[in-house]
Every structure is written in structure tokens, then in C-alpha cells.
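From first to last, the protein sequence lines are chains A and B. So in this note's numbering, spot 336 of the first sequence is number 336, and the numbers just go up one at a time. So in this note's numbering, spot 275 of the second sequence is number 275, and the numbers just go up one at a time.
In case anyone wonders, no lab produced these hints; they're calculated from the structure. Built from N, CA and C at the ideal position, the CB exists for glycine as well. Keep in mind that the hints are not guaranteed to be accurate.
Capping the alpha-carbon separation at 20 Å, the derived lysine to any residue pairs in SDA-like fashion look like this [what the hints assert, rightly or not]:
1) K319/B with P286/B
2) K305/A with A406/A
3) K191/B with V88/A
4) K191/B with E181/A
5) K309/B with V446/A
6) K191/B with D93/A
7) K191/B with I69/A
8) K191/B with R85/A
9) K398/A with T96/B
10) K398/A with P286/B
11) K398/A with A44/B
12) K398/A with E112/B
13) K191/B with A179/A
14) K398/A with I45/B
15) K60/B with A30/B
16) K319/B with G298/B
17) K398/A with V118/B
18) K309/B with R85/A
19) K309/B with Q447/A
20) K191/B with A158/B
A partial selection of chain A residues facing chain B, derived with a Cβ cut-off under 8 Å [unchecked claim]:
21) P65
22) F295
23) A299
Spelled out, the chains give:
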Amino acid sequence: MLRQAAISILVAALALSASARTRPHYGGTLRVEVEGDPWQRPGGMARRLVMDGLTTLDPDGAVQPALAIRWASENDDHRWQFWLRPGVRFQNDAALTGAAVEASLTASCGASCPWSVVHAVGASLVFTGDSPMPNLPALLADDLYLIGTPTDSPAGLTGTGPFALSGDLGNHNHARVLANENCWRGRPFLDAIEITGSRSVRDQWLDLSVGRADLVEVPAEQMRQARDQRLTVIASPPVSLLALSLSDSGALANPNLRAALALAVDRTALSNVIFQKQGEITASLLPASLTGYAFLFPADRDLDKAHELRGGVTPPTLTLAAEGGAAMQLAAQRIALNLHDAGFSVQVVNAAAPQHIDLTLRRFTLESSQPQAGMESILRAAGLAVSIRAQTPAELYKTEREIVDAHLLIPLLYLPRAFAVSGRVRDLRLGADGTPLLDGVSLSDVQPDAAP
Amino acid sequence: MIMTPMKLCCMLATIAFALPAQQAAAAPAAWSQPAAALADQIAAILGPGQAHLTLRNLSKLPADDIPAIRRLLEDDLKARGVQASGAESANTVRITLSENLRGRLWVAEVMEGSETRVAMVRVDAAGMEQQVPASGLVLRTQTLLTTTGPVLAALETADALVAVEPEEIVLFTRAADGWKEQARAAIGQRKGLTQDPRSAIVFTHDGQGFEASLAGMACAGSLQPPQSGAPWPMHCRASDDPWPLAPSQTSPTSGDSNATLRAFYNAARNYFTGVLNPSAGVDLPPFFTAALLPRPDGAGLLLGGINGKVQLIETSALKPVTGTRDWGSDFAALHSGCGAGTQIIASGSGEALSDSLRAYEIPALEAIPSSTPLTVDGAVTALWTAPDGKSVLAVVRHAAAQNQADTYEVDRVTASCN
Numbered sequence: 001m002l003r004q005a006a007i008s009i010l011v012a013a014l015a016l017s018a019s020a021r022t023r024p025h026y027g028g029t030l031r032v033e034v035e036g037d038p039w040q041r042p043g044g045m046a047r048r049l050v051m052d053g054l055t056t057l058d059p060d061g062a063v064q065p066a067l068a069i070r071w072a073s074e075n076d077d078h079r080w081q082f083w084l085r086p087g088v089r090f091q092n093d094a095a096l097t098g099a100a101v102e103a104s105l106t107a108s109c110g111a112s113c114p115w116s117v118v119h120a121v122g123a124s125l126v127f128t129g130d131s132p133m134p135n136l137p138a139l140l141a142d143d144l145y146l147i148g149t150p151t152d153s154p155a156g157l158t159g160t161g162p163f164a165l166s167g168d169l170g171n172h173n174h175a176r177v178l179a180n181e182n183c184w185r186g187r188p189f190l191d192a193i194e195i196t197g198s199r200s201v202r203d204q205w206l207d208l209s210v211g212r213a214d215l216v217e218v219p220a221e222q223m224r225q226a227r228d229q230r231l232t233v234i235a236s237p238p239v240s241l242l243a244l245s246l247s248d249s250g251a252l253a254n255p256n257l258r259a260a261l262a263l264a265v266d267r268t269a270l271s272n273v274i275f276q277k278q279g280e281i282t283a284s285l286l287p288a289s290l291t292g293y294a295f296l297f298p299a300d301r302d303l304d305k306a307h308e309l310r311g312g313v314t315p316p317t318l319t320l321a322a323e324g325g326a327a328m329q330l331a332a333q334r335i336a337l338n339l340h341d342a343g344f345s346v347q348v349v350n351a352a353a354p355q356h357i358d359l360t361l362r363r364f365t366l367e368s369s370q371p372q373a374g375m376e377s378i379l380r381a382a383g384l385a386v387s388i389r390a391q392t393p394a395e396l397y398k399t400e401r402e403i404v405d406a407h408l409l410i411p412l413l414y415l416p417r418a419f420a421v422s423g424r425v426r427d428l429r430l431g432a433d434g435t436p437l438l439d440g441v442s443l444s445d446v447q448p449d450a451a452p
Numbered sequence: 001m002i003m004t005p006m007k008l009c010c011m012l013a014t015i016a017f018a019l020p021a022q023q024a025a026a027a028p029a030a031w032s033q034p035a036a037a038l039a040d041q042i043a044a045i046l047g048p049g050q051a052h053l054t055l056r057n058l059s060k061l062p063a064d065d066i067p068a069i070r071r072l073l074e075d076d077l078k079a080r081g082v083q084a085s086g087a088e089s090a091n092t093v094r095i096t097l098s099e100n101l102r103g104r105l106w107v108a109e110v111m112e113g114s115e116t117r118v119a120m121v122r123v124d125a126a127g128m129e130q131q132v133p134a135s136g137l138v139l140r141t142q143t144l145l146t147t148t149g150p151v152l153a154a155l156e157t158a159d160a161l162v163a164v165e166p167e168e169i170v171l172f173t174r175a176a177d178g179w180k181e182q183a184r185a186a187i188g189q190r191k192g193l194t195q196d197p198r199s200a201i202v203f204t205h206d207g208q209g210f211e212a213s214l215a216g217m218a219c220a221g222s223l224q225p226p227q228s229g230a231p232w233p234m235h236c237r238a239s240d241d242p243w244p245l246a247p248s249q250t251s252p253t254s255g256d257s258n259a260t261l262r263a264f265y266n267a268a269r270n271y272f273t274g275v276l277n278p279s280a281g282v283d284l285p286p287f288f289t290a291a292l293l294p295r296p297d298g299a300g301l302l303l304g305g306i307n308g309k310v311q312l313i314e315t316s317a318l319k320p321v322t323g324t325r326d327w328g329s330d331f332a333a334l335h336s337g338c339g340a341g342t343q344i345i346a347s348g349s350g351e352a353l354s355d356s357l358r359a360y361e362i363p364a365l366e367a368i369p370s371s372t373p374l375t376v377d378g379a380v381t382a383l384w385t386a387p388d389g390k391s392v393l394a395v396v397r398h399a400a401a402q403n404q405a406d407t408y409e410v411d412r413v414t415a416s417c418n
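Extracted from the complex, chain B is given alone in its bound form (with noise of 0.2 Å):
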């Protein structure tokens, strides 16, 4: 699994500005090397000599690229005894811009008389990179990281970054130009992974390490990368201990300032049971989200059932949130310090065409948006209320272009009074 780490690029969500989606196209300059290698495997077919040049385009390149291709290739054939001429030549050079899923394909039909030969030179594809438009409280999001594998869950520090993926679990620390991958260890789970892997993570009590929940796995390892030709400090066992719900400063169900409110989670299935620790005091039903709520009397649970309800424990009594109707199963609080101070931050429901992110406060018992829906460009696989709860991190799947691979995003989403 390839992780690319990825310049940091934000978004800014508004209401009034759509920002038009940008294509970066590869500059001319891009095509010197492949033009004067596909000019190398035609002069070595053709020799010193005229040849009537035609250019076509079969790929996506833009029309405007096309000129300062042609004047390329015929400067470097010229360099190599090789001069454009009129149709009347006997020698004619049929150059095809082509592409697969690959890459760009530049193919030249060399043909002398009644013979064809072929050349090709094989070109890299330019990268894209598209932004999203977005509207808005304002909600932002920052992309921390760029995959081409699931990310299942992640932590972040000012120098270093933890990644859960469905097998392994990856440590970046903070380069110049994004984060860079230093260590890589395997979960090694004994047991089949679940159709719809999750995770959980947490700074170790000292803050110097992490601990990661998997389904039917607990890992804990350091912060801190390897010195050199040391293995990294990450270890694995199995285990069904509950996972961490929320970086809990105050437990709703105990009171427990120091207390980490956790929740068992069905190794089996994508969901927790409903049995917290401590315990809730109630029954609750199996659900597949938590979010720790500040509430007139302290704090709530609000909890995404596994039905798509959402309900809110507090006072030690469930009830249930109307206005969620819009919601995904995913959820996070987000204490911005605009507004109430705290919302809850949900991904959309699927009904809509793409996948949103957009803030919601629950005064009483009925969420009310407080900010525009922000549009995904792509599907929300798992949210979750960064360590200093200022942040919520949301993991983005990016559904590939045909026979490409799915990319995935862990995106920071902050929230700005307006």
C-alpha cells in the first residue's frame, strides 16, 4: 500500500463562492523528454533524411498543448538529421497522442514505401488535483493526507502522524512538504478483518504513545519514530476490550472527570454492543457512533443507532434527537467556541447525490443546522473529534475514475464564527 503524503491544501467553505474546479495542466516543458525519446526511435527507423510529420490527438491533453508539442518533436527530430516536410515526401511520420489507464502513450507510424514501423515512448500521466467547492457557520477543511488505501482512523501531534489502516498501522512525522511515512508495522490479526473495518485512537495517558482499537485488536506503540535500524515500538494483541468513545474530559454516565468513557464494539459486525464502561445506567441499543454533547446538567451521549436513530443519553434517561433525518451514521462533536459553543458535526444520509459534512446544534431535543452543508467530493468514511476537540477528523473515499484505484483522504474539518 502506497501512501502519498500530501501538500496541505485548504478549503474554505462559503455560502456566496463556489470555487471553480482547477485542473493543473502538465506545462509544455513536461513534454521535452518524451518527445526527444520518441524523436530518438525515429530517427533510428528513418536515418538522416525528410519525412512528411502529422500530429493527432487521441488522449485528453488540451488542444492549446498540442502546437508546442509538434514544434518540440520537430526540433528534436531536426537535431537528429530528420526534416518536416511537405506530403510529397516519400517518408511520412504519423505521430498518435494517445493514453491508457496507465499513462500517456505517444505512438509514431513510421512509414517508408509500402513499410509501417512503430515507435512508442511511454509519458507520465500529469497530475490533477481538483479542490471542492463548498458553502457555510463556515466549516473549513484542511487535507492532512492522500492514500491510496483505507484509512480507518488517525491521530495527530504538532510532528507526528498515526495512521490506522484496515492491517497495518503507519507513523508519519512532518516534513517540509507534508507528512512523511517512517515506520510501518502490521496489526496481525488472527481473525478475518469485518466487511466494514473500524478503528479507534487514542493518546496514552502520558501523551507520549497511542493506543489503537481494531475489531477483536488493541495496539499501542510510540509517538516517536525509530532511530535508525531500530524496529518501531508497536505492539499488538488480541483483545475485546471497549474502545475509547470520545477523548473524554468528563464522563456523562459516571461523572468521572478522568474517566475515558468506552464502549464494547462487535468484532464480528461494524457496531457497538451498547454496553458502555463505565456503564450508562441504561440500555442502550447498539449503535454505530458516539459523540459527547455538553448539556445543561452536564453531558450528554448523543449515540447513532445501528436503526439511524439518534439518541441522546442524559440524566441517565434515553431520548430521542428528531432532526437527524438528514444524518449518515457518522458523527463527532466539535467544540468550536462559535455558537453554543459545541456541535456536533454529521456526514449526510446518502439521499443527496454527493456526501456533506455540516455543524448542527441540539439546544433541547431537536438538531438545528448551524451551518451550510460543505460538500464532499467523495463519501465520509469515519469521523471522529480530534484530541483537543477543536477539530474533527473526517476520512473522505474518493471513488476512483474507471479501473482506478479508490483514493482516501483524512481531512482536518475546523468550524470559523461567521
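If we strip away everything but chain A, and leave its shape as in the complex, we get (with noise of 0.2 Å):
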């Protein structure tokens, strides 16, 4: 209860700081620092500003016309069309049509998209599936389908979004762009936005603190230390899912096997002791505020039936790894800890080792507020593409129910995101995958831009 209500507190100043009472100025340049690559997917904050989708995601989670302005599915959800958004231009000012589209979309995920088939007819886009795609409109929300297209500049692509890329994007590590005059959205409130990948959290929090960035990044299991130093922490819902992709294959086959790691795990251990009790212990792949029914899942550790499960076989060394910082290693080895209680070995190997790996400590970002189109994207994002068609709430956890049963994914823990940000950041608001927003910001301190 404490934790949510101190994450309700941040989202509640999160609220106050973007109902900005004095109209935004124009001008400025947004300095913004990450541990991660600017550029690269998932969670490359440029590319959302350099790039959009047929689709988007407003803050409530809910999908909103982009580049597509209406679309309608026939055939049973098999094939859908997405009519474009006319006039608008890429940054090159080459015009966006159909045929960019579908090039873009193509170049996206190659074999493994959620289509068969997408063709341009006209100004709209076609897409046909071997099975139904109900929640399409909102899966291409999803950064992967971001819309660009190849150019000669120096920066190599160009899109729609509201800023464009300036100069080479070089080694990944700094991204800067500059303001769309003429997005289609609107001209963003910044002239610039700068951001610094590869920089260490600890980096970017003395960089605040001395007025060289503006947003940085505020990890879960770091929140209350960015409160203790006074930092202005703002903080998405729990939006992070921390889970266990499990192998189907060699010792993990077994499904009994799946079903006694998935009881050995302490969640409570996992949430007090590595996330800082920041998150919501979870063994459910939607969290309770999206459904309704996750106590329906327990979450508590049982060891005695995970032993029974087990029913004595003790399989090889399992390889267990963690994608991700400090934090996710530390979660492994004590996840590792766990299941060595239940009767099992395991060795935390390197994520990037060319071994086989059994089980793989992973983040999801759940995108959409819409519990169907989440739950999908949460499993694509697996590598168990499922179509979600559950209409009822009766039905969706029928279907939640059959996927955790086969405890190819283990939920263990929703958390959010969170970031902290300068004094003279005005109006930034979360995404509904806790990205922030940045093409609404504006800055307080800069000279007001009379010049159009």
C-alpha cells in the first residue's frame, strides 16, 4: 500500500507538472542523458522523436490515429486497412506515401512480423494475416514500426516526427535533433533536443545536479535514493515486466520442471531486497490495475510443492542469464539462490555467451493500456507470438491462464519507470510505456522566440 502510494505521489507530481498554467515557450535545447544507446530499440528515445507510427499510443495507453488517420479490419480481423494521414511530409521533404510505407514496414521485422502479407494500395496500407489480428492497430504503435525512410544526408534516415536527426548518429552514443518547422503534429516547443547515451546512471545524476543535463534516468531500485537527494523524480505506473523467459527445449522440456522453477521463486525477496520494494510483486502477465483478476494468480513462493513437482529428478545445471545492468545481475544471483532451495543448479552465465541458455531474466514494457493488445505485445516481445482475441474479461483470463500455465514465461515483478528531471523542464509528461514525451516540453528559461 506504501508503495503504491508513493508512486501515486509521483504520478501525482508528474500531473502537476505538466498542467502548466503560463503558455510554453518556443526555443531551447533539451539536454538528456541515458544509460542506454539514444538510437537502438527498445526504449531509443530518438527515434520516437525522429520517427512515427500508423498508430500511437496517447498517455492513457489508448491507440490514437498517427500516420494513419482511420482503419478498418475485414475478414474476420485477417486483413485490415490503414488509410494515411494526407500531406504529410518527411523531413526531406519527400512526400509520404504509401509505397514508403510499406518499404519501411517490410525493413522492419522482415519474417517475423504479426502480418503475411502488406502492400500499398493508393494512400493506404493493406495488411493480411494467415491468423486474425485483432490488436494490430495497436501493436504497430510499437517503436519497431516506426515509419522512416533511407536518405543521403549525413544522418542517413529521415522521418515524420517532430524533430529530425542532425549529422551522423557516429558511434550511438550521442543523438542530437533539431525542430520539424514544418511536422506535420507541429513545430515541438524545443529547438534541440541533445541526448547522451552510454552514460552511467551515477553520471547522469551528478550531471543533474550540476546543470550539465536536464533529464536523466531514475532506475526502480534507485527511486528512493534519487527522493533522499531531493531529486524531482517523476514516475510512470508499473509499466516494466520483469520475468523469466524459460526454454521449452533440453532439461526444461519437462513441463513439471517449468512449473516447480516458477514456485521456487521469492518475488517478495526479489521486490524488497534488489528493486527497493518499487514495484508490484506480480505472477500474472498483466498487472491487477489492467484486468481486475490478478490475485487470481498467487504469487507466493511454495517450495514444498515445488519440490513435489520436481518429484526427484534432478535435471543438469540450468544456465540462467540476465539481460541488462547491476540490478538485473543481482536479481539473477539471487533467483539462482532460489531455485538451488528447490533441488535445481543453476549457473548465471553472460546473456551474450554462445551457450544455451534455459532461463533468461528479461524486462517487457507493457505498451498499451488496452489488456489484450498488451498482453500480445508482452508476448511477441517473448518470442511467443499468440494473438490475444479475448473479448471478455471471463475470456482473457482464460486465455492468461493457459499462457502462464505453461510457465514458458514466469512473471515476477511489475515496476515502473522513472526519471529526474531539471527545474527548467516544463510539461513533460509519460507515455503510456513510460517514455517520456519530449515533443511536448518546453523549457522555462529560455527567451521567448518571436521569430517564426
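Bring the two chains, given one by one in their own frames, into a single complex with the hints.
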């Protein structure tokens, strides 16, 4: 309860910052620092500044038109048509055409697209699938499907977003984007955004404290520390699912062993010790706030039942890898100890190691507050391509129950995404997936820009 | 975009009294239908017999409602042949009153031996209304319209209300329970919207229609609802024409009582360029807001510059106004008849935790508060003088709860003498 209250306070603080009473000024450069790559997905902040999708999710997670102004499905969601917004131009002034969108989408996901075929029909795109695609409008908002086209410019790529890449992306440690004066969404308030990547959180906070950065990351496990340091922190609701992804081959081809692993993990300890009580313990794929039935998935550790399910079988040493930074590595070590208590021998290995990995600790972003689309996006990211067609809460529960009971993905925690900002940042809001929405940000200390 | 005409509700601002926030809890009768539906599903699983019934509340339902819901469920189950019994029963029905972002969800876990089956029903969220306290020259606000999308400007007559949204113009007519949407037409901008879209709307000279100005666009339409089946006569065109600044009776710059003072708007930004029509006779800075103000020598024009400074044009001179540090970017003139007769209603600067509206008089070149701040439960995003000058219309954005859409209110602000 206290944890939820703390997050609520942060979200409330975010809402306050978004309730500007003086109109924003144009101009200025926002300086952002991140641990990862500013450009590469998932999470590359610059991508969404430069490129738009056919659809987008509003801060509440609802699907909204973007480069497509409307869409319709036929044939029981096997065929979708999306009509393009007229008059949109890329930053290099080339017109947005169906052919350009088709080429971009085809290049984006290759053989693993949710559709079988996409082709341009005039100023529209037609997607056809071998299986129904009920959540396609929401899926197309994913940054995997942002629309860009290659150019001869130093940046090598142009999009339709509110900012254009300035110069070469170089080694991806630094991205500078400039306001797109002719953006179909309107010219952003900021003149430029500089995103510096590969910056440790400690260095980010240092730069924020001395005025060299305006927006820095706050990992969930350091939110308490950030508040202690009196940083202005804004946090999303829990949108980042920490889960164990299990192989269904080798020793873990045995479903009972997978079920035993799920019962052996001590989620409470993970939450309390590693993530400083900043998340929500979960055994369901979707958070309680989306479904209302998460309590039907017990998250308690049950070593006795885990032993029982293992049935005396001692599998060979399992390999466990974690994707991400220090907290994820620590979490992996702790999970290995948990599994050892249940009779498993687990070796924590490097995720990049060229060997068979039985268990991978991963984070998945809940991108939509539409439960069906949110679940499908998580499953796709996990490599479990399942089309979620549930219409009612009971149907959705049944689907989720079947997926969770397969124990190929063991949900552990839902974590918020958080950022700290300098006092000059105005009107920062976080998207449905916790990403900062920088196109609406302005700076309070810029001299008013009187020139159009 | 869904528009929800809202029943008029008044809020009275006084110094001494703050109305307590009220939340309307749903009447227990509202639970009859979901209780019956859940009982149906439980009975279908269990069949006739006995079951131990437990009930827990994980939702924000008031504890006072729980016994009534339990009674409803027991009665409904009994009517379907399932008798609530003690814990010794082989069957257990564990009912959880839960909720998600979209509403309430009631879940029944039906346990027969080692097998558990689940039933659930969705329950519509009960409406909740909030009143905000205020204090008070006494300012009152009256909510005309509540929407889930931004309203940039609105124009109200006795029978019609026209609301300008970023991409559409909507006509409402008065109904017994509030404003009812009659027609909606796209503005059809060819260029993208600005990040902080704005608009102005005034009556046509004959009073039968309206003229709306938006960034790069001008629209005109009828205040009459369309005949059945006919399209609403509303047309928009690309335009860089200056926008009407206020329902002007007398232009402070020309003295022409028939002229409407207009100003050129920077369609790529969110402010007026500083060029007026007719000309002010002095070079003006770019400004967000302007309001006409009676002055001893005629009319003055109060400008809220994009640099945050408020200045007054009178007798062809531009003079700084002090006492405006707490003002936001929006203000409008209100001809209340109280005090000096005309006040400036200004939004708050954002320094306080919540937005507010406050009346000021400017007898010389200093703004002097003439009311206490009226707290607004949201952010004022637009403010303009109504055509009769006797009220000010404000758009207030209410920040949404987590994962819900912001809502917007069009409020009429009036003042009464104290």
C-alpha cells in the first residue's frame, strides 16, 4: 500500500508539472542522458522523436491515429486497411506515400511481422494475415514499426516526427535532433534535444546536479535514493514487467520442471531487496490495474510444491542469464539461490555467451493499457507469438491462465519507469510505456522566441 | 472524441466557506444486475446445493456497501438453488469485489473439492462528481460542458453552443439535461496543428452564425442545427486573416465603435505577432492574450506578452502594468458592474499547486486584486470574454487519474458584488 502511495505521489507530481498555467515558450535545447543507446530499440529515445508510426498510444495507452487517420478490418481481422494522413512529408520534404510506408514496415520486422503481407493500395496500406490480427492497430504503435526512409544525408534516415536527426549518429553515444518546422503534429517547442547515451546513472545524476543535464534516468531500485537526494522525480505506473523467459527444450522441455521453477522464485525478496519495494509483485502477465483479476495468480513461493513437482528429478545444471544492468544481474544471482533451494543447480552466465540458455531474466514493456494488446505485445517480445482475441474479462483470464500455466514466461515484478528532471523542464509527461514524451516539453528559462 | 453534455452545476465562491468535496457513492440498487449475473454464473458451475460463501473487497467500494452486496448475492444464489452454508461445506465460493482502470470486476472462485473454476462479471463504474471549494468580489463558476477532448474556444447563445476543438467544430443545442450534440464538422487543416492550439470565435454581424479563427484557418457556420439529413452549413478555409481579439464595442486604437479589433496570429507558434488591425499606432511585442479595458480616456488594451510582462496600450502609448506577477498567460475582461465596473479575470501563474482565477482592477498602472482567488480544480487552458461582456468563459483541463484521459470543462465565470 505504501509502495502504491509513493508511486501515486510521484504520478501526482507528474500531473502537476503537466498542468502549466503559463503558455510554453518556443526555443532552447533539452539535454538528456541515458544509460543505453539513444537510437537503438527498444527504448531508444531518439527514434520516437524522429519517426512516427501509423498509430500511436496516448499517455493513457489508448490507440490514436498518427500517420494513419483511420483503419478498418475485414474477414474476421485477417485483413486490415490503414488510410494515410494526407499532406504529410518526411523531414527531407519527400511526400509520405504508401510505397514508402510499405518499404519501411517490410524492413522493420522481416519474417517476424504480425502480418503475412503488407502492400500499398494508393494512399493506404493493406495488411493480411494467416491468423487474425485483432490487436494490429495497437501493435503498430510499437517503435519497431516506426516509419522512416533512408536518405543520402549524413543522418542516413529521415522520418516525419517532430525532430530531425542532425548529422551522423556516429557511435550511437550521442544523438542531436533539431525541431522539424513542418511537422504534421506541429513544430515542437524545443529547438533541439541532445541525447547522450552510455552514461552511467551515477554520472547522469552528477550532470543533473551541476546543471549539465535536464533529464536523466532513475532506475526503479534507485527511486528511493533519488528522493533522498531531493531530485525531482517523475515516475510512470508499473509498466515494466520483470519476467523469467524459459526455454522449452533441453531439461526444461519437462513442463513439471518449469512449473517447479515458477514456484521456487521468491518474488517478495526480489522486490524488497533488489528493487527496494518500488514494484508490484506479480504472477500474472498483466498488472491488476488492467485486469482486476491478478489475485487469481498466486505469487507466493511454495518450495514444498516445487519439490513435489520436481518429483525427485535432478536436472542437469541450468543456465540463467540476465539482460540488463547491475540490478538485473543481482536479481539473477538471487533467483539462482532461490532455485537452488528447490533442488535445482543453476549457473548464472553471460547473456551474450554462445551457449544454450535455459532461463533468461528479461524486462518487457507494457505498451498499451488495452489488456489484449498489452498482453500480445509482451508475448511477441518474448517470442511467443500469440494472437489475443479475448473479448471479455473471463475470456482474457482464460487465455492468460493458459499462457502462464505453460510456464514459458514466469512473471515476477512490475516496475515503474522513472526520470529526474531539472527545474527548467516544463510539461514533461510520460507515455503509456513510461517513455518521456519530449515533443510537448518546453523550457522555462529560454528567451521567448518571437520569430516563426 | 466523445462529448458529454453535463448537467449544470454551480459553484459559489465565498471567503468563509469551503464546500466539502462530495463523492456520490452508487446506491446499493446499482449492484442488483451484476449480483444477479454473477449468481447466474456461479449456479451454472455448482448446480443446486450448498456452498460456503466468502466475500472480500479489493476495490474502492465503500465498506458500507459490502453487507448489502453480500445479501444481494446470497438472495440471488438462493433463488438459483445455491444455499449459502457454513465453512464445513464441500463447496466454497470466494467472491472478490475487484476493479481495474475501466471499472469494477467481480470475480467468483468456485471451489469444488480440488477443482477451482472462475466466473467474473464486469460492473460499470459508478459516476463520481467532485465539487471544488472556492473563496471570494464573489466569483462564481458554472460548468457548461464537460468533454474528453480539448476545447479551444466556445460561443454560447440561449439555444446553442459552438465548441471549437483542435480538428473539429461542434454544435450543441440546449436540452432538458444540458447541451446535446447536434452536428460536428471537420476543420480540415492541411498543415499540422501546433503543439499549443488556440482559437477565437465570435458571432457574425447578423448574429445568426459564427466565425472561428484557428492557426492558418478561418471557419464560418450557422448556429442553427441542420435539418434532418442535411449537412451542417459550416465551412473552413485556409486563412491568415487577423483574429478577433474581443467582442469590441469600441476600438481603443481607432475609436471606431463599429470596428472589431483584430490581431495577426503566428500560425506556427502559440501567440499573436503584435500586429493589430486597425493599427495600435505603436510597435507591440508578441503577446499571448489581450483584453479591452475601459479607461478614463476611452478604452485601453491590456496585453500579456510572451515575455511574461503585462502592458497597457492607452492614448497610443505602451505602459507597463505592475502587480501581475501572479498572472498566468490568460486573462479576460469581465463587465461585472461591481466596483469600477470592469475587472480583469486572470488565471494563476503556476507558482501555486493548483490553478486559480482572480479578479483585478487596474485603476492606474497597477493591478489590484478585487476578489480572492477562486481555486480551479485543474489548469486553465483558455479564457475569453463572453459576447455580452458580463461573463468570462474558461476552459479548464482536469488532469486525469492514472491511465485515464484528461477531461475538459467549459466554465462560465461571473462575479457578484459583495
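Going down the list of hints, with the structure as the test:
1. Taking the CA atoms of K319/B and P286/B, the gap is near 15 Å; set against the 20 Å cutoff, the hint holds.
2. With a CA separation close to 17 Å, the supplied pair K305/A and A406/A stays within the 20 Å bound.
3. Taken as a hint, the K191/B and V88/A pair is honoured in the structure, with Cα atoms around 8 Å apart against an allowance of 20 Å.
4. A threshold of 20 Å between alpha carbons decides the hint, and for K191/B with E181/A the separation of about 11 Å falls inside it, so the pair holds.
5. Distance check on the hinted pair: K309/B and V446/A sit about 15 Å apart at the alpha-carbon level, within 20 Å; holds.
6. Pair hint K191/B plus D93/A holds up; C-alpha atoms about 14 Å apart against a cutoff of 20 Å.
7. About 14 Å separates the Cα atoms of K191/B and I69/A, which keeps this hinted pair within 20 Å; it holds.
8. Pair hint K191/B plus R85/A holds up; C-alpha atoms about 11 Å apart against a cutoff of 20 Å.
9. With a CA separation close to 17 Å, the supplied pair K398/A and T96/B stays within the 20 Å bound.
10. For the hint pairing K398/A with P286/B, the CA-to-CA distance comes to about 60 Å; that exceeds 20 Å, so the pair is violated.
11. As the CA atoms of K398/A and A44/B are separated by approximately 17 Å, the hinted pair is consistent with the 20 Å bound.
12. A hinted pair counts as satisfied when its Cα atoms are at most 20 Å apart, and K398/A with E112/B qualifies at roughly 18 Å.
13. A hinted pair counts as satisfied when its Cα atoms are at most 20 Å apart, and K191/B with A179/A qualifies at roughly 16 Å.
14. For the hint linking K398/A to I45/B, the alpha-carbon distance of about 15 Å falls within 20 Å, and the restraint holds.
15. Between K60/B and A30/B the alpha-carbon distance is near 15 Å, which keeps this suggested pair within the 20 Å criterion.
16. Of the pairs offered as hints, the one joining K319/B and G298/B holds, with about 15 Å between alpha carbons and a cut-off of 20 Å not exceeded.
17. Between K398/A and V118/B the CA atoms are separated by roughly 9 Å; this keeps the pair inside 20 Å, and the hint holds.
18. Between K309/B and R85/A, the direct Cα distance comes to roughly 40 Å. Violation of the 20 Å bound is thereby established for this hinted pair.
19. Taking the CA atoms of K309/B and Q447/A, the gap is near 13 Å; set against the 20 Å cutoff, the hint holds.
20. A distance of roughly 34 Å separates the Cα atoms of K191/B and A158/B; the hinted pair therefore is violated under the 20 Å criterion.
21. Hint status for P65/A: violated, given a least beta-carbon distance of 10 Å to chain B, over 8 Å.
22. The beta carbon of F295/A comes within 6 Å of a beta carbon in chain B, closer than 8 Å, and the hint placing it at the interface holds.
23. Contact between A299/A and chain B, as hinted, is not supported at the beta carbon level, the nearest pair being about 15 Å apart and thus beyond 8 Å.
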